Amino acid sequence: MTIEVREEASSDIDAIEAITKAAFQNAPYTSHTEHFIVDALREAGELVVSLVADVDGVVVGHVAISPVSVSDGVRGWFGLGPISVIPEQQGRGIGSLLVREALSHLRARGASGCVVLGEPAFYQRFGFKNEPSLVLRGVPPEYFQAIVFELPVPHGTVAYSEAFDAQESPDDRA
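Residue numbering for the sequence shown is -11 to 162, as defined by this note's numbering.
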């Protein structure tokens, strides 16, 4: 199995949507809108990192990174996610590879840090940890984690793009 992680191409958009739907179809704690979020981020020009995992010529995974704001006004912070791997390929390290590559892209562009909402046991292996000074309202603190690339650590409430409120595809809006 040969895995290549590369930047999204326009020809990957339909595959990314299908992968994202499949990955979250049976997941607990989801609103099943993740594919709409990716489309809305792309349309808003906020999909600053969009990588796909290609296995033997077939796209099987995707990770999105978009800017977040922190109420203390600090700049250079991003949110990782959604991240998706088709169910048949989960548990083979593809998601981990996507996270590592996405974080590498952020470091290369001089990001100050990155937040993620997700399973602590999975994300801690990449250096994410709960930062008590960063809060995402309505979320148990142990599931909201950050990785700091550049000090100081900000203090405040984090807000994701309005694209995370998407309930339909931008193409379906009147």
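Note that these hints are calculated values from the structure, not bench results. Bear in mind that the values here come from a model prediction, so they are computed numbers and not experimental data. C-beta atoms are modelled at their ideal positions from N, C-alpha and C, and glycine is treated no differently. One or more of the hints may lead you astray.
Each computed EDC-like pair below joins lysine to aspartate or glutamate, with the alpha-carbon atoms no more than 16 angstroms apart [as the list claims (entries may be wrong)]:
# : residue 1 : residue 2
1 : K9        : E76
2 : K9        : E130
3 : K117      : E107
4 : K117      : E130
5 : K117      : E150
Okay, the calculated beta carbon distance ranges per label pair [stated by the list, open to error]:
#  : residue 1 : residue 2 : range
6  : D44       : E130      : 18 to 28 angstroms
7  : P108      : V36       : 22 to 32 angstroms
8  : Q155      : S57       : 13 to 23 angstroms
9  : R(-6)     : G61       : 29 to 39 angstroms
10 : A147      : K117      : 31 to 41 angstroms
11 : E76       : E107      : 27 to 37 angstroms
12 : A(-3)     : F110      : 26 to 36 angstroms
Taking the earlier hints as the rules, which of them does this structure contradict?
Violated: hints 2, 5, 6, 10 and 11.
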